[in-house]
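The residues making up each chain are set out below.
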Amino acid sequence: MATAGGAAAAAASPQAMDEKARRTRDLLASFYNTDPSAAAAAPSPARPSPTAASASPLDSINLTSFDPDVYMDVLVQQSNLEALLQRHVKMAAEIKNLDTDLQMLVYENYNKFISATDTIKRMKTNIVGMETNMEQLLSKITSVQSRSDTVNTSLFDKRENIEKLHRTRNLLRKVQFIYDLPTRLNKCIKAEAYADAVRFFTGAKPIFEAYGDTSFHDCKKASEEAIDLVVQHLQAKLYSDSEPIESRAEAVVLLKQLNFPVDNLKSNLLEKLEDCLLNFQNEPTQASIGDISKTFRAYLIIFPDSEKRLIELAQALFTNRYETVRENLRKRIPSTDLLAMLRSLWEDATTIDEVISEAALPAFSLENTVNIKWEVRRVTAANFHGNKQDGNTELLVKLRDLIIDWVQEGFQDFFQKLDGHFHMLSGRSKSFSQEMEPVQIDKVPTALVLMLAQLCVFIEQTTIPKVTEELASSFSGGGARSYEYGPPFVPGEICRLYRSSGEKFLHHYINMKTQKISKLLNKRFTTPVWIKHKEPREVNMFVDLLLLEFNGVVSEVKQILPGLIRRHRHSDSTGSTTSSRSNPMREDMLNRSNTHRARSQFLENHLAKLFEQKMEIFTKVEYTQESVISTVLKLCLKSLQEFVRLQTFNRSGFQQIQLDMEFLKSSLKEFVDDEAAISFLLKEVNNAAHERCLDPIPLEPPILDKLISAKLAKIKEQSPNMQ
Amino acid sequence: MASGRATFLDLIVSLLILAHVATVTGVEPTYARCIADVRADAGSTTFLAGTLSLKEENEVHLIRLSPAESELVCDGLFYHPNEIWDLKSCPFDHRVFSTVYTSGEGYGASVWKIPELYGQSNSPQLEQLFTLDEHKGKIRCVLWWPLGKHDKLISIDDRNIFLWNIDASNKSAKVMQKGSADMLPNLRGGAWDPHNHNSVATITDSSLHCWDLRSMKKSNAIEHAHFRDVDYNPKKQNLIATAEDEFGIRLWDLRMLKHPLKNLPGHSHWTWAVRHNPEHDQLILVSPPHYTSARGLYISNVLFIVY
Chain A
1 MATAGGAAAA AASPQAMDEK ARRTRDLLAS FYNTDPSAAA AAPSPARPSP TAASASPLDS
61 INLTSFDPDV YMDVLVQQSN LEALLQRHVK MAAEIKNLDT DLQMLVYENY NKFISATDTI
121 KRMKTNIVGM ETNMEQLLSK ITSVQSRSDT VNTSLFDKRE NIEKLHRTRN LLRKVQFIYD
181 LPTRLNKCIK AEAYADAVRF FTGAKPIFEA YGDTSFHDCK KASEEAIDLV VQHLQAKLYS
241 DSEPIESRAE AVVLLKQLNF PVDNLKSNLL EKLEDCLLNF QNEPTQASIG DISKTFRAYL
301 IIFPDSEKRL IELAQALFTN RYETVRENLR KRIPSTDLLA MLRSLWEDAT TIDEVISEAA
361 LPAFSLENTV NIKWEVRRVT AANFHGNKQD GNTELLVKLR DLIIDWVQEG FQDFFQKLDG
421 HFHMLSGRSK SFSQEMEPVQ IDKVPTALVL MLAQLCVFIE QTTIPKVTEE LASSFSGGGA
481 RSYEYGPPFV PGEICRLYRS SGEKFLHHYI NMKTQKISKL LNKRFTTPVW IKHKEPREVN
541 MFVDLLLLEF NGVVSEVKQI LPGLIRRHRH SDSTGSTTSS RSNPMREDML NRSNTHRARS
601 QFLENHLAKL FEQKMEIFTK VEYTQESVIS TVLKLCLKSL QEFVRLQTFN RSGFQQIQLD
661 MEFLKSSLKE FVDDEAAISF LLKEVNNAAH ERCLDPIPLE PPILDKLISA KLAKIKEQSP
721 NMQ
Chain B
1 MASGRATFLD LIVSLLILAH VATVTGVEPT YARCIADVRA DAGSTTFLAG TLSLKEENEV
61 HLIRLSPAES ELVCDGLFYH PNEIWDLKSC PFDHRVFSTV YTSGEGYGAS VWKIPELYGQ
121 SNSPQLEQLF TLDEHKGKIR CVLWWPLGKH DKLISIDDRN IFLWNIDASN KSAKVMQKGS
181 ADMLPNLRGG AWDPHNHNSV ATITDSSLHC WDLRSMKKSN AIEHAHFRDV DYNPKKQNLI
241 ATAEDEFGIR LWDLRMLKHP LKNLPGHSHW TWAVRHNPEH DQLILVSPPH YTSARGLYIS
301 NVLFIVY
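Taken in order, these protein sequences are the chains called A and B. Using UniProt numbering, the letters of the first sequence correspond one by one to residues 1 to 723. Using UniProt numbering, the letters of the second sequence correspond one by one to residues 1 to 307.
The hints are simulated quantities; they were obtained by calculation from the structure and are not laboratory data. Heads up, a few of these hints could be off.
[To be verified] Pairs of lysine-lysine, BS3-like flavour, derived with a Cα cap of 27 Å:
hint, chain 1, residue 1, chain 2, residue 2
1, B, Lys152, A, Lys523
2, B, Lys88, B, Lys218
3, A, Lys523, B, Lys236
4, B, Lys217, B, Lys258
5, A, Lys519, B, Lys258
6, B, Lys217, A, Lys417
Sequences and hints are given; from them, build the entire structure.
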């Protein structure tokens with residue numbers, strides 16, 4: 001009462017009170033909690049509202065706007081004597097209580113004040129002691145510093161000495177190395193470590209050049225002898241065919257480092273090769289074409305700059321051989337021999353072509369063969385004149401067949417190899433035994449795989465028919481080869497190959513994408529402790545990531561795959577799709593559960609639903625944007641469902657899932673037109689969470705809407721920034 | 001799956017069992033995540049299946065294929081205190097099995113014994129032989145040595161692998177060895193080599209490791225694949241089959257882990273389980289996650305692969 005009265009008195013003269021005093025009073029009032037309404041009214045205490053005071057003047061005793069006269073009037077008017085007496089007793093007791101409280105407060109505050117002054121006094125004395133301590137510390141630190149300076153200066157001379165000694169030692173070590181060089185080189189020669197020997201020698205070379213004539217004369221001589229030996233060894237190595245190609249190439253590099261005239265060696269070797277080729281021409285039995293191609297490859301590796309010369313050699317070889325064929329033609333050897341000769345020539349050309357493709361040998365050979373054909377025709381014509389109509393027309397036909405076979409075979413081979421190459425590019429190569437390591441599966445760009453799939457379709461549907469047509473118009477017939485080898489070009493087979501490859505690539509693409517998303521989902525669902533999940537405040541971040549991934553898929557797919565006119569496929573995905581394979585199974589199952597007739601009705605419904613849904617999820621993938629996107633989407637939602645089923649949720653966890661799915665539902669609409677399936681799958685996720693939740697109470701729809709619209713607003717806010 | 005008696009029959013049997021579980025237990029089809037064949041029971045083809053339900057009571061079902069092999073008989077229905085995430089039958093005592101279960105927050109693993117059945121089929125109480133309670137994390141599975149009597153048991157949680165010495169008569173189990181996954185990602189499961197007591201293969205999110213149980217050291221490994229399940233070939237040493245996210249089914253030789261022996265196509269979505277037929281090792285049973293969660297007819301997806 002006393003405080004309240006005081007406050008009222010102060011409020012009566014608000015103008016006299018300055019700002020600071022009023023704030024202090026407000027703070028005190030709120031601290032001692034006289035009355036919540038008083039504290040609330042404090043910011044505008046200047047004019048107490050008359051309506052509030054007159055409304056219940058009896059209750060306003062604790063307010064700042066308390067008016068004792070009004071209070072008294074009202075009290076006297078409203079109460080009888082007994083009540084007034086009671087009020088008096090009560091008020092007296094209250095006043096007493098408040099007085100003691102006030103006293104206590106004052107006493108307490110006084111106590112606090114005294115202890116505060118004590119503390120301040122103690123602090124003062126302590127600080128006085130500290131000052132002397134600090135001075136002592138300072139003097140000590142300065143003395144330490146001076147000592148350290150003296151030590152530093154006294155050691156300075158010695159340090160210079162040590163550095164000088166160190167330099168000398170390094171120099172001596174170098175000299176020692178030079179002196180040791182000959183023995184070291186010999187050791188290297190013994191161990192056949194020529195690379196080391198050359199390295200040592202080239203390292204020491206500048207020194208020999210500078211001081212070789214004076215101080216290191218003997219040493220230089222011995223080293224040079226050793227190095228000469230090394231050079232000899234390396235040359236021998238280079239010339240010997242039995243050495244592996246790599247070591248021969250290394251020998252050349254080392255010789256180059258020693259400034260040895262490598263070009264001489266090269267021309268020597270190439271001349272040797274030329275001799276060898278001449279031999280081959282004259283007596284083809286002596287060396288096989290395989291050996292020659294091996295030699296070619298070896299030389300290409302050993303002398304990277306010798307390619308031009310090698311090409312010339314190869315072309316010369318084949319020109320000569322065609323010359324021989326022509327001569328034979330003039331000699332009129334039997335037609336089969338001629339064909340065999342041409343065939344072997346062709347095969348040899350392809351073998352060499354694998355090694356040096358720049359020589360363009362097949363083209364070269366083809367040209368020559370065509371020339372020979374003309375020549376044959378001429379010879380045949382001449383024969384007509386001579387009335388000697390032997391097997392030459394037959395020869396002509398056979399020759400034509402042979403060429404047709406080559407062309408067709410070439411196409412067949414090309415397409416098969418292309419397919420293999422596609423597989424290697426996509427990282428799914430099955431030929432692990434090959435030298436080339438299979439490309440790491442993670443590093444294959446997904447767009448490439450999709451591109452390959454589309455390429456396969458193009459080849460199957462456009463290229464192959466065109467090629468077949470071309471072949472039919474220009475190269476029909478053929479069949480000179482015996483049928484044991486099979487027909488040369490089979491468009492059907494190639495088409496099948498590419499169709500299956502295309503499908504594989506498409507599935508591979510979908511796989512890669514869903515794998516990636518599934519990793520994301522795995523992280524999302526295994527990291528948090530779902531059983532202690534907090535209340536959902538916003539749509540989880542993983543939804544953003546998920547949508548980002550989907551956007552990536554969509555943009556890739558839209559760039560590569562053809563679109564499709566939108567149509568509603570609900571009818572054919574839900575209608576007659578119960579496959580013949582599973583039908584009997586279901587009937588069987590239902591028969592089994594006949595005993596439980598009451599429940600079987602329920603089961604039947606349940607199972608029928610499951611079947612419908614299953615068919616809808618795993619529909620066949622087509623080469624269209626919609627099909628691929630919706631397949632990826634469906635598989636991902638399926639994964640999501642499975643992840644949910646592995647967890648146990650509390651109510652908030654379940655609500656979080658509910659919120660995320662609801663948001664996904666609105667965002668996924670723009671990706672696919674198969675909306676029914678998507679919303680079904682999302683509902684399945686929700687159901688799964690419901691199933692795995694201890695306390696499945698869903699979020700209220702208004703809250704759900706609010707959170708989702710908040711998220712949408714956030715996205716809208718961000719998107720202009722991103723642009 | 002069954003004791004090597006039939007091949008395709010097994011498939012149908014498992015289908016029927018799941019239908020059975022679905023129909024026996026109440027109005028709604030109950031979820032079951034695990035099913036195990038009772039190998040120790042030589043006389044008949046029996047299976048154990050455990051239910052997975054948060055809200056209702058969980059049960060273990062003992063199911064027998066009748067001699068005519070045309071009908072399923074439920075031999076027992078036992079109350080189990082928590083929902084069952086893994087169930088394995090003891091290979092040498094047909095009345096003993098292990099379960100891994102969870103009650104909301106905590107995981108537990110126990111070995112149980114089915115009481116003697118005196119005619120009546122509903123004997124309510126399972127006898128708990130012992131619990132494997134050294135685990136701190138999420139227990140993944142319990143492994144029995146597959147080919148007969150062995151006094152050890154393995155349990156795997158997400159960070160550790162424990163080797164237990166078990167004594168069924170004294171109802172006790174003691175930890176003998178403990179291995180830690182250290183730097184590896186979380187463990188997911190494993191398989192015990194039937195050809196070697198001391199070798200166990202474990203799988204993580206991204207790799208497969210073989211452990212030597214004597215030293216608890218990891219030896220050879222396959223990296224960069226997301227394994228879901230692994231099974232040893234019961235007939236040929238060193239061969240394993242794995243179920244993976246990327247490749248479906250792959251067969252490996254443990255001596256040459258660089259490349260798989262074979263890639264086999266799995267399911268169109270995920271393949272989560274793979275098992276060899278115990279008699280015909282070229283027959284593999286694989287299943288998508290639906291199967292392991294065994295709800296209604298999803299199991300029509302189970303594939304047999306012959307290679």
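Verification of the hints:
{"no.": "1", "hint": "B/Lys152 / A/Lys523", "result": "34 Å, violated"}
{"no.": "2", "hint": "B/Lys88 / B/Lys218", "result": "24 Å, holds"}
{"no.": "3", "hint": "A/Lys523 / B/Lys236", "result": "37 Å, violated"}
{"no.": "4", "hint": "B/Lys217 / B/Lys258", "result": "20 Å, holds"}
{"no.": "5", "hint": "A/Lys519 / B/Lys258", "result": "24 Å, holds"}
{"no.": "6", "hint": "B/Lys217 / A/Lys417", "result": "46 Å, violated"}
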